[in-house]
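Enquirer: I would like the entire structure built from these sequences, with the hints used as guidance.
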Amino acid sequence: MPERIWMAYALRCLTEAVVDWRGAVQRLLFQPLVYLLVFGGVLGGTKIGGGGDYAQVVAPGIVAIVVMNSAMAVVGGMFATGYYFHAMEAWLLGPISLRGFLGALVAGATVMAMLAGAAALILIRLVLGLAPAQPVLALGAIVFGAVAFSLLFVIAFTLPRTPARAQGVLAFVMMPMMFFGCTFYTWDSLAWPWNGLALLMPTTYLSEALRATYRAAEGLAAGPLLPAGGLLILAGLAGLADCLFRRRFRDFPW
Amino acid sequence: MLKPAVQMDGVGKTYAGEVRALDHVSFQVAEGETFGILGANGAGKTTLIRIASTLMRPTQGRVVLFGETDGTAIRRRMGVVSQDCTLDPHLTVRRNLSFHALFFGLPGPRRKRRIDEALAWLGLDHCADAAIHTLSGGTKRKVMIARALLAEPALLILDEPTTGLDPEARAVVWSRLRAGAAAGTTIVLSTHHRDEAEALCHRVGVIEQGRMADGDSDALDAWFAKAAAHA
Chain A
1 MPERIWMAYA LRCLTEAVVD WRGAVQRLLF QPLVYLLVFG GVLGGTKIGG GGDYAQVVAP
61 GIVAIVVMNS AMAVVGGMFA TGYYFHAMEA WLLGPISLRG FLGALVAGAT VMAMLAGAAA
121 LILIRLVLGL APAQPVLALG AIVFGAVAFS LLFVIAFTLP RTPARAQGVL AFVMMPMMFF
181 GCTFYTWDSL AWPWNGLALL MPTTYLSEAL RATYRAAEGL AAGPLLPAGG LLILAGLAGL
241 ADCLFRRRFR DFPW
Chain B
1 MLKPAVQMDG VGKTYAGEVR ALDHVSFQVA EGETFGILGA NGAGKTTLIR IASTLMRPTQ
61 GRVVLFGETD GTAIRRRMGV VSQDCTLDPH LTVRRNLSFH ALFFGLPGPR RKRRIDEALA
121 WLGLDHCADA AIHTLSGGTK RKVMIARALL AEPALLILDE PTTGLDPEAR AVVWSRLRAG
181 AAAGTTIVLS THHRDEAEAL CHRVGVIEQG RMADGDSDAL DAWFAKAAAH A
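Listed in order, the protein sequences are those of chains A and B.
According to this note's numbering, the first sequence is numbered sequentially starting from 1.
According to this note's numbering, the second sequence is numbered sequentially starting from 1.
Note that these hints are calculated values from the structure, not bench results.
Don't take every hint at face value.
Estimated spans, in silico, between C-beta atoms of each pair [as the list claims (entries may be wrong)]:
hint	chain 1	residue 1	chain 2	residue 2	range
1	A	M7	B	D214	43 to 53 Å
2	A	W21	B	D221	53 to 63 Å
3	A	F172	B	Y15	27 to 37 Å
4	A	A164	B	E68	55 to 65 Å
5	B	A219	A	A235	49 to 59 Å
Counterexamples of contact, computed for chain B against chain A with all Cβ distances above 10 Å [claimed, not checked]:
hint	residue
6	K3
7	R20
8	F27
9	Q28
10	Q60
11	F66
12	V80
13	D84
14	D88
15	P89
16	R95
17	E152
18	A171
19	A179
20	A213
21	D214
Beta carbons are placed, not taken as given, at the ideal position from N, Cα and C, and that holds for glycine.
Expert: This is the structure in structure tokens:
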């Protein structure tokens, strides 16, 4: 039963993307294209230490940003619809536990964020001519990122009493994720304490895992830190999202 | 009395530890019975409906539906029409119903049949593929009722179901609810309208300042006389 409801949510998100195709095109194509043209096309030729191009470093980071933004748009859209259009009330009346419902929301957002990440990989190939040496691992990293960011934005939207107050939390979450999360540089290039801070950001794990698949830098992927830290981050986000979601919705507040 | 479908024992609800919305409300609704909750705005009807539909937890007392207290199991047998429009604005009428039917696990062919039936019952065939934001308030209300009926619930909970409907649409909804009641569905509905309560309900409770009183004929007369005086 929960699987069917999870599927229903994924279908709902896909349907919404088809209905609002302009927004979907903007998220899936236009946004990554702008990032790729600026950081990959304009600045990408800059040589970095070790002889590679900056494009190889920044392209995986751009995928991480795209996956993050897509998860934010989908989760934010669901909470906005749920709050401003009262749809959350109807969703909570479904025959599923709060934990199962959280899983359904995350499943819907994960599917869309995965599609955004996969589209970004294709755009990187088309615009910069770069392809991951291990495409399956690259997709695995995108799945990790999609789940992690979906959970993160569920936390951001359930932490405040209403989604109307989520702006502050979102700014607090997204800015460090973009700029301390190894999207525009490698983890190796950071000194203490910044490399320690970067380990708290899901973007770091996604960017570094993708960099390894593009053979841009081994960095974090060279040791056990990447899988161990990634799993720890995922478990922490899942636990916190579960706790906050149930606290917020076991007694309907809106 | 038949087996109770809804059982509320000493239910109370206090918001933010200060505002007491419900105070020791107790009543039972037997399986197949239609029970009306009458009350003015702010009397506590919506809070009571939300507690009955498992959306809210009472701060005191106990709610048992079909002998169960587990929300997930209860919701499987329940259809709810809330006071506000709770339709998904990004989906069409048909897709709203389809999403809900998927939620309740209706298999493909049955899902389609039930959706077509629900649309036909409430005269919604013409707007099946319309976007929700293009519908009038009354039509949205009918879509919500169609959605609540989709999974053939054993318990139907409706918060002011005919608010915003014209007399013709109201008559259609009444006839659907009567048909549901005749088929054995237990119905709990809140309303402002005496004619609605009298037309649909086997029993009525009057709620005032969070307290529930039996709605016998004298109590109803007194309540409506008071409401008319306030108006």
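Enquirer: Would you pick out the hints that fail for this structure and give their numbers low to high?
Expert: 4, 12, 13, 14, 15, 16
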